[in-house]
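Produce the complete structure using the sequences and hints provided.
For the sequence shown, the numbering used here gives the first residue as 54, with consecutive numbering after it.
By construction, these hints were calculated from the structure, which means they are not laboratory data.
The structure presented is a predicted model; accordingly, all values stated were derived computationally and were not measured.
Backbone N, C-alpha and C fix where the C-beta goes; we use that ideal spot for every residue, glycine too.
It is possible that some hints are incorrect.
Claimed, not checked - Cβ-Cβ distance ranges computed for the label pairs, FRET-style: (1) Asn74 to Glu143: 39 to 47 Å; (2) Glu69 to Lys187: 38 to 46 Å; (3) Ser63 to Asn95: 21 to 29 Å; (4) Lys187 to Glu143: 56 to 64 Å; (5) Val182 to Phe64: 27 to 35 Å; (6) Thr150 to Ile96: 21 to 29 Å; (7) Gly62 to Lys181: 31 to 39 Å; (8) Ile96 to Glu75: 28 to 36 Å; (9) Arg158 to Thr86: 14 to 22 Å; (10) Pro94 to Gln172: 40 to 48 Å; (11) Glu69 to Ile177: 16 to 24 Å.
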Amino acid sequence: MPVIGLKFGSFSGKREKELINEKVNINSTPRITEIKETSVPNIAKKVLSFSFEFITAYEPDVGVISVTGDVLFVDDNSSKILSDWKKKKELPADISTEVLNFLFRRCLLKISNIAEDLQLPPPIGFPKVKPTEKQETDYVG
Numbered sequence: 054m055p056v057i058g059l060k061f062g063s064f065s066g067k068r069e070k071e072l073i074n075e076k077v078n079i080n081s082t083p084r085i086t087e088i089k090e091t092s093v094p095n096i097a098k099k100v101l102s103f104s105f106e107f108i109t110a111y112e113p114d115v116g117v118i119s120v121t122g123d124v125l126f127v128d129d130n131s132s133k134i135l136s137d138w139k140k141k142k143e144l145p146a147d148i149s150t151e152v153l154n155f156l157f158r159r160c161l162l163k164i165s166n167i168a169e170d171l172q173l174p175p176p177i178g179f180p181k182v183k184p185t186e187k188q189e190t191d192y193v194g
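Structure (structure tokens):
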């Protein structure tokens, strides 16, 4: 896995209004904002640093939570990835998929904690335990 690290830069959250029997749509969107080359101790290759913002919006106008940071990524073709980014602001599909999936996993966990503090619904579904129906048994004792 070429993702070798994550550094969060900031967290912010705001609840705009109370939830009163209102359907809330939750949309989470990661976005790569910048890519630069950097060095990391103990790694002989140059590393790409993907700056990102991850925004979870609660609609209609209920609240918003955002996270920023950097994902560290190693690849044998880092110079080509960087030059393509500078020209087109695009990543190869396989790299984009890997980085965005990584961001969804890590950021949604952090945002879930912030959402709880702001009394907003979690941005991901959690399993719910339901009681089982008791079956009557004849006790022979």
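Hints and how they fare:
1. Asn74 to Glu143: 39 to 47 Å: With Cβ atoms ~43 Å apart, the hint holds.
2. Glu69 to Lys187: 38 to 46 Å: Since the Cβ atoms of Glu69 and Lys187 sit about 44 Å apart, the hinted range of 38 to 46 Å holds.
3. Ser63 to Asn95: 21 to 29 Å: 27 Å Cβ-Cβ, so the 21 to 29 Å window holds.
4. Lys187 to Glu143: 56 to 64 Å: holds (58 Å)
5. Val182 to Phe64: 27 to 35 Å: Holds, since Val182 and Phe64 (Cβ atoms, about 30 Å apart) stay within the stated range.
6. Thr150 to Ile96: 21 to 29 Å: holds (23 Å)
7. Gly62 to Lys181: 31 to 39 Å: Since Gly62 and Lys181 have Cβ atoms about 34 Å apart, the given range 31 to 39 Å holds.
8. Ile96 to Glu75: 28 to 36 Å: At roughly 49 Å between Cβ atoms, Glu75 and Ile96 fall outside 28 to 36 Å, so the hint is violated.
9. Arg158 to Thr86: 14 to 22 Å: holds (19 Å)
10. Pro94 to Gln172: 40 to 48 Å: holds (42 Å)
11. Glu69 to Ile177: 16 to 24 Å: Given a distance of about 21 Å, which is inside 16 to 24 Å, the answer is holds.
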